[in-house]
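> Taken in sequence, the protein lines are chains H and W.
Counted from 1, the first sequence has number 16 at position 16 by my numbering; the numbering is strictly sequential.
Counted from 1, the second sequence has number 406 at position 406 by my numbering; the numbering is strictly sequential.
Just so you know, the hints here were simulated from the structure itself, not pulled from any lab data.
Incorrect hints may have been included.
Claimed, not checked - Okay, the calculated bits of chain H under chain W, using three or more residues with CB under 8 Å as the criterion:
1) 15-24
2) 289-295
Unchecked claim - Facing chain H, from chain W, some residues (calculated, C-beta under 7 Å):
3) R18
4) P51
5) Q94
6) V97
7) T98
8) F102
9) H104
10) S110
11) L114
12) L115
13) M147
All residues carry an ideal CB built from backbone N, CA and C; glycine is no exception.
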Amino acid sequence: MTKPDVPVTPEEFRRAFEAIRAELARVIVGQNEVVERLLVAFFAGGHVLLEGVPGLGKTLLAKSFAHVMGLSFKRIQCTPDLMPADILGTQLVVDRGGHKAFEFARGPVFTNILLADEINRATPKTQSALLEAMEEHQVTTAGMTFHLEEPFFVIATQNPIEMEGTFPLPEAQLDRFLFKLVVGYPSADDLSRIIRQTTTADAAALKTALPPEQAHTWIVAARHLVREVLVASPIEAYVVRLVTATRPESDGTDSPASRFLRYGASPRGAQALLMGAKVLALIEGRVNVSFEDVDRVALPALSHRVVLSFEAEADKRTAPEIVSEIITPVQRSRT
Amino acid sequence: MTPVAIDHMLHAFAARYRSAVLTHAAAVVLLGGAISGVLGWRLRAAGAAPPLWAGAPAVLAAVLLVAVWRWAHTRWIARDGAAALLDRTLGLQQRLVTAEEFAHAATPPSLYPLLIEDAQRHVTTQQAGFPRPFDHLTGAMTAVLLMLLLWPYLPQALPTALQPPQTPPPPDQQQSSAPQPSAGGTGQQEQKGQQGRQGQQRTQDQQGKSGDQGQDPGKQDGRAQSDTQQSGQQDSQQQSGDQQGKQGKADQRGAQQADGAKQGDGAKQGDRAQQGDGAQQGGQRSDAAQPRGQQAGQQAVPQAGAGQMSGQSEALKADIQKLLKEVSGELKDLQAQAAPNSPEPQAGTGTDPNLYGGEEPLEAPAGGEPLALELGSDLQPTTKERSGAGVGKAGTDVARSGPRTQAEDAQLADQPLPESPSTRQPIPAEYRSVFDQMRRTPQPAGDPAQ
């Protein structure tokens, strides 16, 4: 990553982060943890998969986030007949001075923040169209490669119910998401605030937390600052131990990993752990990563990267439960 | 800050931390040794056996040494892992580990100065994490040591009931004051104090039963204010002692009277003897206070007798036992006299053995001879399979009377039996003509659908 022209200090980053979080909290009521992790994933350079039943504000969160950040925003409503060209773009024949020529019409993926709503309703072919865009921030079509504008951030949502006619995301696609965040039901108090806030004439108007003309530059600089956060070798070793503990062959035949997991977390899981921990360290006012930072992002970074075994599914165990059971001994044994 | 500086800071910090650990451990060891020594000395002076006065302090010292060693071992910081241990101990969230690691980098990261500044700030603010030489533990140990050192002077402050009886007061003084056999104190003032305390307890009991008496300020004189520390009430206590002397006879009379009304009178006087001025209101108590007054009158009897006896405690105890026996005999007589007049207990409120009537003998069966019942059990071993169920072979008696399987005579027929409808639904009147016409019309032969 090239060094940005406008450096961002850790204190500036922390203040901007708090401002963005406070602005989002005006609209998104009672989902503080989800909002914080969404921001962490954004500044860590990853993407987020939101899972929750309908009506919990997933789409509103994505739209509000784009508005607060002052970035361009596009939305794809995924359906089974959605084609890859509908996302990436297509070649059109245009008339240029009397002769015909092909011209690439950019799809909705060319944006800063892309909301892929109900992504599990799109076919695997269409889902895979996002792979290159999410990982390499570029699109290749008809032999031509187009780079996406930075920052590029995908927020995908999926619904855990109504699974008929859906296509669960393949493991390769899931691995592209830095965090998988589960959006839960709001509490009674939060629900009261939500209905009071959304059913009156004076709805909350969002403001951009960053100057629009400097938003892109500032965000790129902030992402560069995140990568400069210092990580000591014990922290790196701890991250490695956490990720390797999720492998079934790592620790005996009676370990939870060998019983309930078919595949463990990939190296992308370790990257996600460390990048998320770096953002958390900056939020806490530190320029070094601590064990606690890694612990806080362990579950959202690892839960969707493991593949459950038949025994786990027969016992109706969930991935967060198993991952938590696996990493707890590692957390206790750290120095 | 240079790498040398961070190294120097870490080493200085570790050295300071180690010295704090050592200081605290030394203080604990010194105090523990002193406690052990003084404990052994006291035990030896008290005449304890040598294994006790030598072994107990040795065990205490050994346990203390092991505990201090383990504590210091967990807190000790080696030079190499100083940063990690300091981070963990002081809650620095790996600031020092990171700072030490990147201090030796060829090109320090851009955020390294900020890290050093942050680490310095937190190290400064986290100084409270150092073990202090004197804390709650050492304070408690110092208190224990002082108690052991001052042990010979402590029994004076202990309750007088725990002390052995000392020189008894002269008989005339015992008569003038309230003669309490259980009182071990020698001074008249101390006896007055005990009387005052007893008067306080009884008056408090009395107040618990009749709260209106607590409004009378005259009763306050006979309560806790009659303690020896309050010299202002000594006059009332003196009056109480005088009244006790005067009413000693009345107490005896109250204890000997068998009449219930006279018992109450004696009880009033007994209370008066114990409570001084405040007890004068005790005479106005209700009947619920009579047992206590009776008890007071009973206690006054040995008190009067003890006043004329010598001060030797053995004789006093024998006299008390004798009088208690007499009183218990009188109590039994009183209970026997009061029993016929006492009302029958209500159901559920007493323990009358005849509450539900006397025992009735079992009646003989109406048929004359009782029914002979014989219970038999199957004693056969259960190792073989039985014919009916289970394993083993049934005993002869049980097998004979047990259910048997019988062959069933019914056989399934090869062809289904002709069935005719047993019931027929009634045909509504408007359709009856249609069905009649269908019944009259001949059906074509060989139509399987019909």
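> Indicate, hint by hint, whether the structure satisfies it.
Hint check results:
1. 15-24: violated (count 0)
2. 289-295: holds (count 4)
3. R18: Interface hint status for R18/W: violated (19 Å vs cutoff 7 Å).
4. P51: violated (45 Å)
5. Q94: holds (5 Å)
6. V97: Check passed: Cβ of V97/W comes within 5 Å of chain H, closer than 7 Å.
7. T98: Status holds, d = 4 Å.
8. F102: OK, holds: F102/W within 7 Å of chain H, min 6 Å.
9. H104: Violated. Min distance 12 Å.
10. S110: holds (6 Å)
11. L114: holds (5 Å)
12. L115: holds (5 Å)
13. M147: With a minimum Cβ separation of about 42 Å from chain H (threshold 7 Å), the hint on M147/W is violated.
Figure legend: structure checked against the earlier numbered hints; hints not met, in rising order: 1, 3, 4, 9, 13.
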